[in-house]
Amino acid sequence: MAYTEKELQKELENKEYEYGFYTDIESDTIEKGLNEEVIKEISKRKNEPKWMTDWRLKAYKNWKKMAYPKWPNVNYKEVDFQKISYYSAPKKKDKYKSLDEVDPELLDTFNKLGISIAEQKKLAGVAIDVVMDSVSVATTFKDTLAKKGIIFCSMSEAIEKHPELVKKYIGTVVSASDNFYAALNAAVFSDGSFCYIPKGVRCPMELSTYFRINQGGTGQFERTLVVADKGSYVSYLEGCTAPMRDENQLHAAVVELIALDDAEIKYSTVQNWFPGDKEGKGGVYNFVTKRGICHDNAKISWTQVETGSAVTWKYPSCILKGNNSIGEFYSIAVTNNYQQADTGTKMIHLGKNTRSTIISKGISAGYSQNSYRGLVKVNSRAENTRNFSQCDSLLMGNKCGAHTFPYIETKNSSAQIEHEATTSKIGEEQIFYCNQRGIDTEEAIALIVKGFSKEVLNKLPMEFAVEAQKLLEISLEGSVG
Amino acid sequence: MNHLKEKLLSYFIAFEEQVEKKSFLHSHRLDSFAEFEKTGFPSKGDEAWKYSYPVLLKLLQNDYSIFPKELANHKLNDLKEYFLTAADSYKIVFVDGIYNPFLSHTSHQGHDICVLSSASVQNKYKDILNTYYNKLGAKQEDLIQLNTAYVRDGAYIHIPKNTVVDYPIEIINFSTGKQQNPLFIQPRNLIVVEENAQVEIIEKHHSIAPHEVLTNVVSEVFVAKGAQVNYYKLQNDLDTASLIDNTFIRQEEKSEVGVYTFSFGGNFIRNNLNFYQEGSRINSILKGVTLIEKEQHVDNYTLVHHQHPNCESHQDYKGVYFDRSTGVFNGKIKVEKEAQKTNAFQQNNNIIFTDTATINTKPQLEIFADDVKCSHGCTVGQIDKKALFYLQSRGISHKEAKAILTYAFTNNIIEELKNPFVKKKINEILAEKLGFNLQFSFH
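So the sequences go chain by chain: A and B.
Counting from 2, one number per residue, gives the positions in the first sequence under this note's numbering.
Counting from 146, one number per residue, gives the positions in the second sequence under this note's numbering.
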């Protein structure tokens, strides 16, 4: 029997989430609910200075005034913010001095995820900051990086040790009153990664953060801040997983990137939060604000592979403030079963000779809905702006949907903007062509999906490209060989 | 805005006194009035009005007169120049929203080309009105409800089976500027084209003297199996006139409808153009050219709803923007899961000549079927400098070269026009706007 698309669909539906285990570690979780006391408590537990506590409270006040956002093209039950615990950390007596002191259960967890921290220590390659249930548990390669003057640590450590840097940059790109979830994050964020690359330094390795939600009934609110000083370069990776649960867990993160003159930041995400089961029960709500600012001649490049989450809603953006700055966005979003994704980017051109490229590939299967929503805005003073956007969607079956909402706003006569989008399915002719040459249908579909997403996969750093390939395999198992 | 809403609400009974209450339109008026009372005008944050809300808000601040007086002794001979042709067309003419029989040329021979106010009180039209009137508008946004509540008159066109209408039909709305206050009019057109019939319609709105007028026109077009309709909208009004055009088109199988929108002038123009495909093998064509200057604002808002298999839609909108003008394009293609083998194309190209002009464009695809070919493309750019240089190096002045290239940019839409009168008129307007004699193209 020939392998048909229907069979593939069935296989996809039945595919289980591989990272759905739960680790039984003692954890320190504060009571559910949100009020000023909770925020003060979080701040107190983290030994934060007063300015930080005040900043949080101000954000909370703003958040209370904001309306629940309803505009995205997704459907889900409204989140009850009083039923979430805003702080959960693996219990620890003291700060870990070395990896040997880390709870073996915890290490085991990361081994299961395929990121053995101990192993990473031996193999030079990627420096990892691991964030579990909102708190950073381990950061590797600190010493090697410190020699170059690079600061790579958890956010709480940064607030403690480098308050001047944090104070200077935090909230400058995504302000505490930017949007509903950014304000919530500013009020309750528990940890995250902080990274500073000094002037003229090229970071010798990929920096990486691994996020994991472990505890039930919690939300994860982490905040990442990457500052690349003049003429520096950094490549930053981010990965995430969560256990399988019936409830919907909330993940509302904020990522701020600051590329000063001539700097370059490459930020790659492989997002694989628990997507819910095949009936669409459970799964993570992924509501993330990511934004970067480019000063003169700087470049920010976002690459994302979105395969997880029940509801994804994120728009990694670039503010091209400096002249000659460059913004890039490469994205693959795969949705299956009842997943919903509303994702895209914003490119705000303010400086002269700024350029941006957007390549977005959406693959929808099952009953999923996949939307691209993007904005390209050209200010009246942004001369010689160039933008190219391409959004392609691939549909498998007629129960899913693909949508595009590109906004283009131009106020300058020298701007050149191009946008194109296509929607198609895997052509019968294409499969027939492959069959003819002895490639069976399953492999043919794999080949076509691979070819469809190649443009974006190519942009991922080596270490991640492998993981991303693997994820595509999981999400569209049977189709990618 | 609230002031205007209050005024509209409180004058409704007085308005009903003035118009024919026995008319068929009466019950629809009441329902829509209640609906409008609930919803009011579009509000801030309304996605459909994202880029045009500030302009709309400003327009709705005016103190409009809601009942225009009938002007008997207007010099009507002056209006001849606005007609496309003197003789070879049917004409339905309204002056300040009121039907003017002297200027019109209606017909009941083999088809009905007349006005809604008279059709709605006659028994023989009852069936058609019952089947079609307000069927597409009923569930629409606030401004359509307002139109239905305050409808006074409009074109009533019914083309029976297998009839090819010999002349094009012109629907012209004049506003005189003789009314005391700014004028707010709500024309309503009903067009029913039966099986295999063919008709051409041209719709225009003109101010005779500069004065503020806001026209909120609703047209419902029903096109039966195998019928063909070409609908031209010529929008070249004075800077004091604003237009909100709401057109709803329902197509049945194998029919073909083309709507060609030319926006060359006016303070504010909003075109809500909606196609509903209810049958297979339908072709829908939406084309438009916008060429505006000064502080003009044109907003094209289109929807093509594909609900059945094997249909096509072709959309192509060109925009040229000078001075401080603003252009908005929002095109939505929706493909339902039953609509397999749909071919839907959408293109929006813009040229922006100054740094003070703005273009906001949002081509939108919503697709639920997997075996479809849908694409959209959208560009914002300038006149090619090399092409400009090439022309100048051959002795053509800069201004002329620019005009030629701009004309060429819009030409693929104009070229396609089937009606020679419309084509000629468009070329004339473009020549005038570009300040250049485009004689070469008139053949």
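No lab work stands behind these hints, which were simulated from the structure alone.
C-beta: ideal position from N, C-alpha, C; glycine also.
Hints should not be assumed to be uniformly reliable.
[What the hints assert, rightly or not] Dumping the calculated DSS-like pairs for lysine-lysine here, alpha-carbon to alpha-carbon at most 30 angstroms:
#1 A:Lys78 - B:Lys183
#2 A:Lys71 - B:Lys547
#3 B:Lys195 - B:Lys370
#4 A:Lys378 - B:Lys203
#5 B:Lys225 - B:Lys479
#6 A:Lys400 - A:Lys378
#7 B:Lys477 - A:Lys62
#8 B:Lys518 - B:Lys547
#9 A:Lys65 - B:Lys189
#10 A:Lys426 - B:Lys399
#11 A:Lys62 - A:Lys47
#12 B:Lys518 - A:Lys347
#13 B:Lys479 - A:Lys71
#14 A:Lys47 - A:Lys71
#15 A:Lys65 - A:Lys33
#16 B:Lys578 - A:Lys378
#17 B:Lys370 - B:Lys203
#18 A:Lys400 - A:Lys347
#19 A:Lys347 - B:Lys547
#20 A:Lys426 - B:Lys578
#21 B:Lys570 - B:Lys547
[Said to hold, decoys possible] Now the stretches of chain B that chain A is said to cover, found in silico as 3 or more residues with beta-carbon under 8 angstroms:
#22 491-500
#23 507-521
[Said to hold, decoys possible] Cβ-to-Cβ under 8 angstroms is the rule here; a few derived chain B residues that face chain A:
#24 Ser249
#25 Gln285
#26 Asn326
#27 Gly526
#28 Ile528
#29 Lys530
#30 Leu533
To see whether the hints hold, each was checked on the structure:
1. Taking the CA atoms of lysine 78 of chain A and lysine 183 of chain B, the gap is about 27 angstroms. The hint holds against a cut of 30 angstroms.
2. For the suggested pair lysine 71 of chain A and lysine 547 of chain B, the alpha carbons sit about 46 angstroms apart, so the restraint of at most 30 angstroms is broken.
3. Proximity of lysine 195 of chain B to lysine 370 of chain B is assessed by CA-CA distance (about 36 angstroms); at most 30 angstroms being required, the pair is judged violated.
4. With a C-alpha separation of about 25 angstroms, the suggested pair lysine 378 of chain A and lysine 203 of chain B falls inside the 30 angstroms cut-off, and the hint holds.
5. Only pairs whose Cα atoms come within 30 angstroms are accepted, and lysine 225 of chain B paired with lysine 479 of chain B is rejected, the gap being roughly 42 angstroms.
6. With a C-alpha separation of about 34 angstroms, the suggested pairing of lysine 400 of chain A with lysine 378 of chain A is violated against the 30 angstroms cut-off.
7. Proximity of lysine 477 of chain B to lysine 62 of chain A is assessed by CA-CA distance (about 38 angstroms); at most 30 angstroms being required, the pair is judged violated.
8. With a C-alpha separation of about 36 angstroms, the suggested pair lysine 518 of chain B and lysine 547 of chain B falls outside the 30 angstroms cut-off, and the hint is violated.
9. For the given pair, lysine 65 of chain A sits about 21 angstroms from lysine 189 of chain B by alpha-carbon distance, which is consistent with the 30 angstroms threshold.
10. Annotation: proposed proximity of lysine 426 of chain A to lysine 399 of chain B holds, straight-line Cα distance about 25 angstroms (limit 30 angstroms).
11. At most 30 angstroms may separate the alpha-carbon atoms for a hinted pair to count; lysine 62 of chain A and lysine 47 of chain A meet this at roughly 21 angstroms.
12. As the CA atoms of lysine 518 of chain B and lysine 347 of chain A are separated by approximately 27 angstroms, the hinted pair is consistent with the 30 angstroms bound.
13. Distance hint between lysine 479 of chain B and lysine 71 of chain A is fulfilled; the C-alpha atoms sit about 21 angstroms from each other, no more than 30 angstroms.
14. A C-alpha spacing of about 33 angstroms is found between lysine 47 of chain A and lysine 71 of chain A, which places the hinted pair above 30 angstroms, so the restraint is violated.
15. Among the hinted pairs, lysine 65 of chain A with lysine 33 of chain A is consistent with the structure: their alpha-carbon atoms are about 17 angstroms apart, no more than 30 angstroms.
16. As the CA atoms of lysine 578 of chain B and lysine 378 of chain A are separated by approximately 29 angstroms, the hinted pair is consistent with the 30 angstroms bound.
17. For the proposed pair lysine 370 of chain B and lysine 203 of chain B, the alpha carbon gap of about 43 angstroms is over 30 angstroms, so the pair is violated.
18. Between lysine 400 of chain A and lysine 347 of chain A the CA atoms are separated by roughly 29 angstroms; this keeps the pair inside 30 angstroms, and the hint holds.
19. Only pairs whose Cα atoms come within 30 angstroms are accepted, and lysine 347 of chain A paired with lysine 547 of chain B is rejected, the gap being roughly 33 angstroms.
20. In summary, the hint linking lysine 426 of chain A to lysine 578 of chain B is not supported, as the alpha carbons are separated by about 45 angstroms, beyond the 30 angstroms threshold.
21. A C-alpha spacing of about 21 angstroms is found between lysine 570 of chain B and lysine 547 of chain B, which places the hinted pair at or below 30 angstroms, so the restraint holds.
22. Requiring three or more residues with a Cβ within less than 8 angstroms of a Cβ of chain A, the coverage given for the segment 491-500 of chain B holds, as 5 such residues are present.
23. Interface restraint, the segment 507-521 of chain B with chain A: holds (15 residues with C-beta to C-beta distance below 8 angstroms; minimum three).
24. Here the hint on serine 249 of chain B is broken, as its CB sits about 43 angstroms from the closest CB of chain A, past 8 angstroms.
25. Checking glutamine 285 of chain B against chain A: minimum C-beta separation of about 21 angstroms lies over 8 angstroms; hint violated.
26. At its closest, the beta carbon of asparagine 326 of chain B sits 35 angstroms from a beta carbon of chain A; the interface hint therefore is violated under the 8 angstroms criterion.
27. Look at glycine 526 of chain B: its Cβ gets to within about 5 angstroms of chain A, closer than 8 angstroms, so that hint holds up.
28. Residue-level restraint check for isoleucine 528 of chain B is violated (minimum Cβ-Cβ distance to chain A is 10 angstroms; threshold 8 angstroms).
29. A least Cβ separation of about 11 angstroms between lysine 530 of chain B and chain A goes past the 8 angstroms threshold, and the interface hint is therefore violated.
30. The beta carbon of leucine 533 of chain B is not positioned within 8 angstroms of any beta carbon in chain A (closest approach about 14 angstroms), and the interface hint is therefore violated.
Going through the hint list in order, the structure does not satisfy hints 2, 3, 5, 6, 7, 8, 14, 17, 19, 20, 24, 25, 26, 28, 29, 30.
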